[in-house]
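Asker: What follows is each chain in one-letter form.
Protein chains: 4
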Amino acid sequence: MRAWRAAIHQEPELSNEEVRTRAKIVDALTGLGLRPTTYPGFNGVSAALALDRSGPTVALRADLDALPVTEETGLPFASRFPGRMHACGHDVHMAALLGAAAVLKRNESRLRGPVKLLFQPAEEDGIDGGAAPFIARGALERPHVDFVVGQHLAGGIPLGVVGWAKGPMMGAADHFIIRVRGRGGHAGYPHRTVDAVVVAAEVITGLQALVSRLTDPTDPVVISVGMVHGGTRHNVLPDTVDLEGTVRTVRPATRATTEKALRRRVRHIAASLGARATVKFLRGYPVLVNDPTATDIVVRALTEELGGDRMVELEAPVMGAEDFSLYLEKRPGTFLFLGVDPPGHTSSLHSARFAPDESALVHGAAVLCAAVEGLQRG
Amino acid sequence: MRAWRAAIHQEPELSNEEVRTRAKIVDALTGLGLRPTTYPGFNGVSAALALDRSGPTVALRADLDALPVTEETGLPFASRFPGRMHACGHDVHMAALLGAAAVLKRNESRLRGPVKLLFQPAEEDGIDGGAAPFIARGALERPHVDFVVGQHLAGGIPLGVVGWAKGPMMGAADHFIIRVRGRGGHAGYPHRTVDAVVVAAEVITGLQALVSRLTDPTDPVVISVGMVHGGTRHNVLPDTVDLEGTVRTVRPATRATTEKALRRRVRHIAASLGARATVKFLRGYPVLVNDPTATDIVVRALTEELGGDRMVELEAPVMGAEDFSLYLEKRPGTFLFLGVDPPGHTSSLHSARFAPDESALVHGAAVLCAAVEGLQRG
Amino acid sequence: MRAWRAAIHQEPELSNEEVRTRAKIVDALTGLGLRPTTYPGFNGVSAALALDRSGPTVALRADLDALPVTEETGLPFASRFPGRMHACGHDVHMAALLGAAAVLKRNESRLRGPVKLLFQPAEEDGIDGGAAPFIARGALERPHVDFVVGQHLAGGIPLGVVGWAKGPMMGAADHFIIRVRGRGGHAGYPHRTVDAVVVAAEVITGLQALVSRLTDPTDPVVISVGMVHGGTRHNVLPDTVDLEGTVRTVRPATRATTEKALRRRVRHIAASLGARATVKFLRGYPVLVNDPTATDIVVRALTEELGGDRMVELEAPVMGAEDFSLYLEKRPGTFLFLGVDPPGHTSSLHSARFAPDESALVHGAAVLCAAVEGLQRG
Amino acid sequence: MRAWRAAIHQEPELSNEEVRTRAKIVDALTGLGLRPTTYPGFNGVSAALALDRSGPTVALRADLDALPVTEETGLPFASRFPGRMHACGHDVHMAALLGAAAVLKRNESRLRGPVKLLFQPAEEDGIDGGAAPFIARGALERPHVDFVVGQHLAGGIPLGVVGWAKGPMMGAADHFIIRVRGRGGHAGYPHRTVDAVVVAAEVITGLQALVSRLTDPTDPVVISVGMVHGGTRHNVLPDTVDLEGTVRTVRPATRATTEKALRRRVRHIAASLGARATVKFLRGYPVLVNDPTATDIVVRALTEELGGDRMVELEAPVMGAEDFSLYLEKRPGTFLFLGVDPPGHTSSLHSARFAPDESALVHGAAVLCAAVEGLQRG
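Protein chains in written order, with our numbering: chain A, -10 to 367; chain B, -10 to 367; chain C, -10 to 367; chain D, -10 to 367.
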């Protein structure tokens, strides 16, 4: 698993560009004696085991894509490409699923039902993720999938511990794009311009009060601006400044009111200085809801396998979104968090310095195998 | 002049890249029967007339470089290069100086003293402008220059009118570079990050009160942020956000206190959210101070030539900076503004839509010739 | 109950000034045939029933004080005193407890154990509330109290419905007092002053990001500024501006980190403009935690009495604080919310226009009687 | 003069309440052998000398009212009244005018023309000042006044030096009153309120950019908020917050555009969070314009009397307003600044610690006498 993971980690690819990654997955699965399926114009890979068994089919899913982050871990197998990094742990997800595939293949004769392996591209896209086209291409059929299981590395949970939840587990993630339109000009004559930089700054600051004042404090909402870009020269005020960010919510009504409040806020702040602003609000993945019954079964199986001290129920939904939610809209199943925090430290996914301990690989593979065992046993 | 100007305008070049522009100037001067001087590793061009006369030598200066602005004028001779534009009118300055050169050459026998033509690169650089290296390469010698005259297009003054001032006319322009350092991470978990985007926004907003509260309202100060850049993905908070901007002042003491206040403001705003910020403060061109006697002579000559209704004394210094100030630190002389406002409209230099009326060419050439006449007559 | 409530409502008294209110309570209890106990230097009133029974003793608590709000309800029995109003519903709590007392007194022979009635002053004080001194004066002894029950009107819950929760139900409420110290002076010469008004505004705005950026979105935190006062004349900048507000949290660790972040934020924002700020952070009531077993018993009894559709479990703790939490630190028991929302409307407690439907009186009395019945039955 | 000043200083009175102050003036003038005129319903006092002379009549004006500031000077004759202080130096103006009256009376026979003494109330009012009603009551008639002279203590000018200006000397001062209307409620439930405190803070911060971004940096504009008041309890969000402040400008067009920009800014900032705001904009005293000819005469006379090193021409208009501007709209004359800065220190008028050196008394009296001498000599 280490070798797979290092090879994948070293050559990260962004959403819908996972060509080399796909090739590595295909090679690895073939090497395990499986016959992977690929798809024209789509970077997903699937494979199946124990197709002849009559028990329930369990699909295990990993995600392929990396983030546009320049790695600063100093690892020997660090990304060779500036501006691309497996900072979200998908390399570990893939290697763990390959590891699980190896174990399951070795023990194929003991499986009660078929297992389907799903290597999905473009999870990070956020809007047009890979889950929907994968499902459209039959990911949950041939054989008909009865349960879906996925997992993700997680900060905030100790290394080696599994986090689980019944019901809502991850929020909805929407993507907003704001263009502030002022009127550019010489930076020494601000009164002859409409300063889009100052307006953009007021917009960013102004978004904070939407969370602190307009939202029920017990109803989680996140509004983050990940990108702010404007201007090409220090002494020329630009015509426009562009902001992009994300809104996370766990209730549909709050999702709607937050969008509405954000639009009103942005429009009026711009108008207050004579500028204008356009807001595009792209709805992303829906809330991820774990099936209670399937979750109970998986948690029981994992508790047997790992011990109760290695299992933790989440106190609250987390604000990251996942298009695994789309599989869960079609089939019962559960999503699990693999803790990666070393003692006394909280890991920060998406950071340029994210470097989870390698023991997560073995752990992740074991979790998937135990989940299959549990769900097929019933 | 129109043809020169259109040719230059169509192929704008940024500071210290004025290679084609230099070639066009050299060709034009040669075509006028002059013998231009060029310099290795420096894009300036000079030429001299009437070297055998005993009267005072007057140097006339134009500037060569363009701005990194994408032109939106729709002119037939608009810039062919996205991201480069003569949005500051240097094309007109060059063409007017070439026009003046043609007139002076035609009337060379009537000149009382030598005239030196200075085509200077990199005026827009702001810090390492072309004036200092031009002077170092002998711009004010061979023959020894007695007076310097320059001009610049100006909004806020009617087309065809000349703006002048005795004493301080243009402010000092300093360049600041701020890097806000937070701690990046997943945009859905802001509490695990230090949000450099929010801090940068607070810094931009915070700079406003330095002008409105810390500055004597009768002592002009401008603080503008021309560039704000941070983040590569909407759902990842970046580690850093970069700001660049300009500070304009007309008093040395205010220049110093403003730098100090800006440093304190930025540092503490960052610290208030647990971030850090570094501030580089690059001192740019000094205050441009016109020599009173030389200005009186030039104004008298222009008033004779153009009529008193075409001359206007500036009420206050303007906040744009010019490295013509460096010539004026070495030699007496004056800098003039050529109005370009059509009736009922204020032109905005540095804007992507800046398109001055072509009559400014004739006007600019006439102003330079009259200034020479006046200064050589005394 | 209506008459009691109207009489109390008309003459609201602020925390620790509840002298007339106390007299009304004493009169009413006496009129019911009870022998109320009063306390020197403390406005609480207690009374007991069925002291000879051997079953568990249940204490029922109501609160006496009003808010410094000027009533705008237009009710016939509206407050006679500008700047004082029962905008928090304590008038209803008192009348309902008196109503319950009447019912219990009438049926005293059927009670299984004693009942203690606690009319507590100064619940609104927030820091030095009446619960602690009431307990110190024996509120939970003579007879020894086994269970405590309290209730509060609540917006966000339909009229006639009871809200309940096991475990944490209401947050901790701390009180902060910030004095921004600038340097006053003539408002026309801001550069000779340090503008405490602008700094105070930046502090208020700056507090928003503590919630939106520094706090786990699933961990409820509220920071509100209820008072801002500075300046005595429009054209004189004051030396100081005073802010007061509240911090609400539901986790002790968050309470501590929020205080720390607030202190850092305020100090640096002030320093960024050359001002200073002092922060007093007064720890208020702790988190209110309902005993699970006692809550189960009460919920079961209320469900029998009212029907299941009149009971609703709270999804999340609410951010208002209550010194009933102090009784719950000493004795098992539960706190209940009495819904007052008419169809299609959310009531806003603490507002000048808060006017709950009178049916809440009957409802409140019934809830208390049923809770006693349940807890004494076991 | 010291005794007069100390007596007046000790009992300061606010605008239009100057009853004791008037009595002291009347007593002092009577004691000098003059016959002061008082006015029913108006606290002004006037007196005249040398009514039989044929030369031009010069009116000298002092102002009577104090500021609502609590004195912190520790002077032996400090204000006896908290919340009232001669922090603007009007006590010195009065004592200096009384001193001048004593000198002029002693030398009455040498005066070339009449002198009129004007002790005017309510200069600090800013909107409904005392100058207009004083003029309406004949301040500039009986005898007909030919020239008006006034003076004011000034920081920024060394002690003993007189500041003067031809043309515009002091700005227009307008008074704005903003009421931010949100919707009050419980501070623990911000989402059920519209937080007027946060909106008011954003308005205050937002006003800064009107100066820093919308105003020509060479055209002085001041916007200061002197008062911010909202809320009566730390844990209740108020319905409204009130702001009051001042706008200072020196050009009529800027006065109009600033009002317009302020109204737009405030309205949209409020709307961006769902609040409303009303803006009252009260036009105050106009620009104070000194008559060039009269100023030349006075400056010449003062230069003779004091020496050229004790006279300084102001570089720029100051932003404080004065209703002496209204006398100057009716009659030629000049307004003078009496420097009070000790070496190495800038005095801050309107501050609670303002304590000018007593030598300003003699200086002020001498300036007035010399101005009379100069203007009557012509």
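Heads up, some of the hints might be wrong.
What the hints assert, rightly or not - Each computed DSSO-like pair below joins lysine-lysine, with the alpha-carbon atoms no more than 27 Å apart: (1) C/K249 - C/K269; (2) B/K94 - B/K13; (3) B/K13 - B/K155; (4) D/K249 - B/K155; (5) C/K155 - C/K269; (6) C/K155 - A/K155.
None of these hints come from the bench; they were simulated from the model.
Asker: A separate judgement is required for each hint: does it hold in the structure or not?
Answerer: For each hint, the structure was consulted:
no., hint, in the structure
1, C/K249 - C/K269, "holds (12 Å)"
2, B/K94 - B/K13, "holds (18 Å)"
3, B/K13 - B/K155, "violated (34 Å)"
4, D/K249 - B/K155, "violated (35 Å)"
5, C/K155 - C/K269, "violated (33 Å)"
6, C/K155 - A/K155, "holds (19 Å)"
Figure legend: structure checked against the earlier numbered hints; hints not met, in rising order: 3, 4 and 5.
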